[in-house]
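Colleague: Protein sequence lines correspond, in order, to chains A and B. Counting in our numbering, the first sequence runs from 19 upward without gaps. Counting in our numbering, the second sequence runs from 36 upward without gaps.
Since the hints were made in silico from the structure, they are not lab data. Worth double-checking, as some hints may not be accurate.
Covered stretches of chain A, as calculated for chain B (at least 3 residues, CB under 8 Å) [said to hold, decoys possible]:
| no. | segment |
| --- | --- |
| 1 | 78-90 |
| 2 | 95-102 |
| 3 | 201-213 |
| 4 | 232-243 |
On a predicted model such as this, the values are computed, not experimentally measured, just so you know. Glycine included, each C-beta is placed from N, C-alpha and C at the ideal position.
This is what each chain is made of:
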Amino acid sequence: MRRLILFGVCLAAALGLIWGCAGMDYTSVATIALKTAPKVAAASREINDSEEYYVGRAVAARILGTSRLATDQQLTLYVNEVGQTVARKSTRPNTFKGYNFAVLDTTEVNAFACPGGIIFVTKGMVQTCASEDELAAVLAHEVAHVANKDGINSISKARWTEVLTTIGTETAKQYAGPGGQLVTLFEGSIDDVFKTIVVNGYSRGAEEAADTQAITTLRNAGYDPGALASLLNKMMAKGETGAGIFKTHPPTADRLAKVKATAPAGTPDKMEEVRTKRFKSVKL
Amino acid sequence: MRASVWLRKPRCWLLVLGLAALLCGPGILAAGMMKVTQANQSMYGEPNFSGTPIAPVPSGTEVNVVTISGDWYQVEYQGNKGWMHRQAFAQVQAPTPSLPGMLFGGGVQQTKSDEVALAGKGFTPEVEASYRQKNPGANYAQVDQVESFQVDSAKLQAFIKEGGLKP
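Bound conformation, chain A alone:
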């Protein structure tokens, strides 16, 4: 009997050892170093929605570091209502934390889409629009940039590969501090996106794709799809170059021709007049 109990205890101890070791795998540092590179390659991935969100917040914080928000709550509410109306009919109605629209207190004519869904439109841009439908066209165009991930995709591939390599190491936590490698890479990513959306502008291909998508969104939301052509026409007529939306969104003759061919500016219907009336009732 004692032998049987002894056998049972030994068996339990052996099982305990096997179980205890199953979740842990200790190996030398050299072995891990050798294994790290193929691991990173195997687990390579695109930037995910939450990471896009944090990049977008940082880009927005940088923009708001030099530009002021408009304090007019009525204007902010109105721009958000128009923005949400088009965003829900876009190809990407939901982002990680949703869309938010804000007005920048400047006469410069511009609009920016931060990755993840924070969209800025300047007071100057709102003043350039003659109707709610034209404002909706601007916002639908910016929502299309978010939906197409044009901002986040401007992070260089080499930088993102370095991010994956850094976070693939076993000691990644050490890199998340203020002086860490991951924060440096995050800063570089913000620079990449900021340069694209504020300084250099998107590629012409990205702009044309956003135009096409904006027209579809306007149609799906019930706005006049010709409002984009009408707005671009007005912007070209102004003829300003080198700053504002003309730099980030060059309304070239080719681009305008394509927009007009897809959705020419039309005569406003009765409901559009109702919308224009409420647009004009918002004090700027």
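Fit chain B to the supplied structure of chain A, relying on the hints for placement.
Modeller: Same frame as chain A, now just chain B:
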């Protein structure tokens, strides 16, 4: 005959039950409420890291584990159902002393899954916090203000209706 006599003794039953508990332990422990022990964890719609996270789940939160499929636990949290990786519930364990470790300078714990190493990290709130500390000129206060502005759903529907737009 001898075996059946042996099984009638209570002490032997205790031994058998102990062995059964050892073998079935992980399954029993995994069911029911479990506490998230790791920071920056999220609940996913599918049992993989490639999708969009449904919601962040803070460290210390207790979630109800419904089912387990491999490394993924289907959980209920704040009325939503989703999937969390087992790593979110990992217990911090001190390394066990080992002879090779003592001889060659100690061991380093290695995670089991390649995905875990990458998906739980990246651009996280921790990185944002460090970035903010490093870049005091970035105006996060106003970003929070922009994000806090919400349009009431009923008011938006009224706005859409008033403008003759599509609901």
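Colleague: Against this structure, judge whether each hint is valid.
Modeller: Now the hints, each set against the structure:
| no. | hint | result |
| --- | --- | --- |
| 1 | 78-90 | holds (count 6) |
| 2 | 95-102 | holds (count 4) |
| 3 | 201-213 | holds (count 5) |
| 4 | 232-243 | holds (count 4) |
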